[in-house]
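Colleague: What follows is each chain in one-letter form.
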Amino acid sequence: MLPEIGHFALILALMATVLQVVLPSVGVWRGNFALTQLSRPLLWMQFFWIAVSFALLMNAFLVDDFSVKYVAGNSNTQLPSLFKMSAVWGAHEGSLLLWALILSAWSVAVSIFSKRLPSEVLNHILIILGLISIGFLLFLLLTSNPFERLDIVPMQGRELNPLLQDFGLIIHPPMLYMGYVGMAIPFAFVLSSLIRGQLDSTWLRWSRPWTLIAWAFLTFGITLGSWWAYYELGWGGWWFWDPVENASFMPWLVATALVHSLSVSEKRGAFKHWTVLLAISGFSLSLLGTFLVRSGILTSVHSFAADPARGLFILIFLVIVVGSSLGLYAWRAHLMRSSHQFAPFSRESGLLINNILLVAAMLSVFLGTLYPLLLDSLGLGKISVRAPYFDVVFVPIMIPAVLVMAVGAFLRWKKDSISRVVDLIIHIVFVILTLTLIVFLSIDNIFVVLALFLFAWIVLHSLTLLVQRLRQKGKPNMAFFGMIVAHIGIAVFLLGATVTTQYGVEKDIKMSLNETVEIKSYAFTFRGVENLNGANYTGSKGVIDVAYQGEKIATLRPEKRQYVTGMPMTEAAIDPSFYRDIYVALGESLGEGAWSLRLYYKPLIRWIWLGGLFIVFGALLAAFDRRYRLKVRIGV
Amino acid sequence: MTFYLWVALMLFVSVLWLMWFLYRPLKTNAFNLEKSNIALGRQKQVELKQDLQASLIDEQAFEQANDEIAQTLAMEMEHTTDITVDTQKNVPLWLPVLIVVFLIGASWGIYQSLTSQSIVSAKLEIAPTLTQSISKIKQHVAEQPNDAEAWRALGLALFEFNDTKGSLEAYQRSYELKPKDVAMLVEYASTLATAQDNQFTGRVSTLVREALEIDENAPDALYLAGRVAVNAQQLGLAQKLWQKALSLLPEGQPDKAILQKMLDQLSKVQGGKKPISSQEEPASKLQVTIKVTLSERLRQAEFSHHYLMIYVKAARGRPMPIAIQKIKLKDFTGAVTLTDDNSVMPSKKLSQSSQVLAVARLSKSGSAMRQVGDIEALSQVINVRDNPTIELLLK
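First to last, the protein sequences are chains E and W.
Following this note's numbering, the numbering of the first sequence begins with 260 at its first residue and continues without gaps.
Following this note's numbering, the numbering of the second sequence begins with -18 at its first residue and continues without gaps.
It is worth saying that the hints were derived from the structure and are not from the lab.
Since the model is a prediction, treat every value here as computed from it, not as a measurement.
Among the clues, some could well be false.
[Stated by the list, open to error] Partial list, derived from the structure: chain E residues whose beta carbon lies under 8 angstroms from chain W:
1) A268
2) S378
3) R591
4) M595
5) H599
6) G787
7) E847
8) L849
[To be verified] Using 30 angstroms as the maximum straight-line C-alpha spacing, the simulated BS3-like pairs for lysine-lysine come out as follows:
9) K16(W) to K328(E)
10) K376(W) to K734(E)
11) K376(W) to K766(E)
12) K328(E) to K119(W)
13) K376(W) to K307(W)
14) K242(W) to K272(W)
15) K811(E) to K769(E)
16) K376(W) to K800(E)
Note that CB positions come from ideal geometry on N, CA and C, so glycine has one too.
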């Protein structure tokens, strides 16, 4: 009975959302105060029923209710309780329910923490968010009901994809969804402004902290996904330009452009067109990502929902959202006039160039992701666009973006002189060029030299700027510190990614018992294989001693698991450190005690995720800037 | 509390919540859009001054930016259209009625339309919808009389409906069309046993045997075979079969607890006797002979006190040995023969296994778990039923 109650709760949530859209709209139309003020209580009701539905689905997993098709398909009695809970979002229906819950939670947060927004504006925003919720709740109820029952109840459920039986996957999807769904908030702010015909300071000021928080979650979700792929997939890579990874990266690039564009629009009233278009495209790309993953047109570890009906639903939803928002934009474009003027050499110009580069980078990823799908759908053959394309197209766009990013922060608003800026940074440039020359003479890898140059470029510029601002009168705000931290995060990421790619060593080898292989002064000695018995798997565990310059530093135990359902799985063993990772994955038994092994030496790989965490921290610092917590004084 | 009461409660809570806020609306905050924009314009001017102090803008640009803030504010005021709402306006009486009707009617209507094609209602209200289900299946088998699955479904539905005779006829049709379906054979045997006042004899016994011939590891069939054995007073055999079923069921499976309970009861009935399997049943003649050849290096004296463990383990599933012999290398004669006597667990004997792997492991410690430094050789998959002889080389 509980699954039926969960299903009914979902329908009640849909009804609450329909009323959340209709009644306040009627209230505005008829000038009825009581009806306009119903948007918040109805939103809370929507959240409550979705939360009830989610809790009941989780309960079905925890009590092994295999009469529920979704539970029987993704869990079994042997699955540890923690993974039973995360199995709720381990496949299509549950992850969609999580999506709806997070969207509702974001909306509730907006309704509670936007007390400085005039009620009329907040009501409009909640109506837009309600319309988006209706789309997702209908999607759930019509095509992806997680509470569907089975005719004949199986004695045992199926195995949850072993790849998903991991701590990283417990938190990666919710964090990524927080980012994806969070992009609905700036979108709703923009659309409500377009509908009201008031693209004003209120919209710009109050949408920025929400955008920053969504961007922080998106960054965190992507960083977690990269970390998980590294240690769980057993390939030792941290980014594969997988179409689904790209699907999350595209909104991130646009969101990055949006937070910068918003800063100009908010302070100077410029770039309103840009800001509106970026907010629309940010959320549209989030929906596109959902379409790519859920329609089943992509084949990757993420595409667990190959269902054309679902794909068609999201495609129609996407067309409605993009079409109507762009239509609104065209209708209201004349209202986005700005009296703001700025010189070609100014902070505004720097931010504009950066925005253009970020959007160009997003388009390069967009092309690389969708072009193969387009060719395939037109019957023109199958092609695979992978790292070489992105190395050639994406990376050259990002290098000038990074250069401009560091210098742009030194520029003045409206106009500046080249000579002033040169005077400010000449000594930094001199130091960097000298260091680069020294590095160039001692390192023969041009990519690493370039990465070191860019790292020094960003870090030295950021630190110089920090020192300058601290010496000036007036305390810098949190947004400034957030910017410095996030920019240094980019530098840390960039150096880590380049060094690990260029200096990382990978060896796929056969190792006999007690055989030793040396990689970069690290000696790997294969000590054999032990039997492995887990809660829901058996398998083999390799024993590899690692020594550095003759001294043993670690014993690594990579696993090769065989889950009860027969699914094999590799669990790499890693000896992590700030400077390098030693990574071992167990391959196949080759007989007579010999095994195939994959040994990796990964210098500075942790810096990739450390950079991501810096960006998250920077974004949160900026989001909680005092300006966004100030009470607007009325009638002063 | 039934499902309908829960639904009524959920609707009641929703309606109550809605009505509360309809008649006691949330207070609006003190400022409108115009005031908000004016306040933000002032704040932007303050921030502009801070930018000037921080040298983020020069004097001339500052004046210009200050003017622009004023101009922007003027433009915003020009476009601000106040939405006037009457805070005193009453809610017309028909509106809450309409809302309640919509909430209840639409939510229940949607629920009904979404669940009409599923069996949810059959689970909630057994009698009427089970009848509908049966008539639907009957209609289906009338149109497609060769659909064995449908006959089986009809058998199950009629059994649930207490029509045992009709159920047995349906199962018989399914059996004639698809006699190798283990799940059907198990259901058919269960229904037949129910019809015979729980006597697991005659045709029931035949059906269970057929099921086990198809899949000797089907837990349901093993359970029924145990019931057949109990009926025949072969308690030892029953114990053996249920232990096997128990070992095949995954951890945490609810049926496992039931089986364990039955085994406990069986032990009490046996009065503490040892499992009959070791007393009453004839010993199996199945065996696996494993010849192990040692490399020149391993024949050295230093290995003579190492332990040689020769065993078979299941080709799939748990890696622990089924039957094993452990001897010191100095005592090894070149071959061992594993039989049921070498089985590790009484519930999982060598003769109960089919596809296995033979393993020879030389170990200094003699530990059951493989240790670093152990030397091991593994065979291809072999079938115990063939009484095979295989050779392994340890290097």
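Colleague: For each hint, tell me whether it holds in the structure or not.
Modeller: These are the hints, each one checked on the structure:
no.	hint	in the structure
1	A268	holds (7 angstroms)
2	S378	holds (4 angstroms)
3	R591	violated (10 angstroms)
4	M595	violated (10 angstroms)
5	H599	holds (5 angstroms)
6	G787	holds (5 angstroms)
7	E847	violated (13 angstroms)
8	L849	violated (11 angstroms)
9	K16(W) to K328(E)	violated (55 angstroms)
10	K376(W) to K734(E)	violated (75 angstroms)
11	K376(W) to K766(E)	holds (26 angstroms)
12	K328(E) to K119(W)	holds (25 angstroms)
13	K376(W) to K307(W)	holds (18 angstroms)
14	K242(W) to K272(W)	violated (43 angstroms)
15	K811(E) to K769(E)	holds (22 angstroms)
16	K376(W) to K800(E)	holds (22 angstroms)
Comparing the model with each numbered hint stated earlier shows that hints 3, 4, 7, 8, 9, 10, 14 do not hold.
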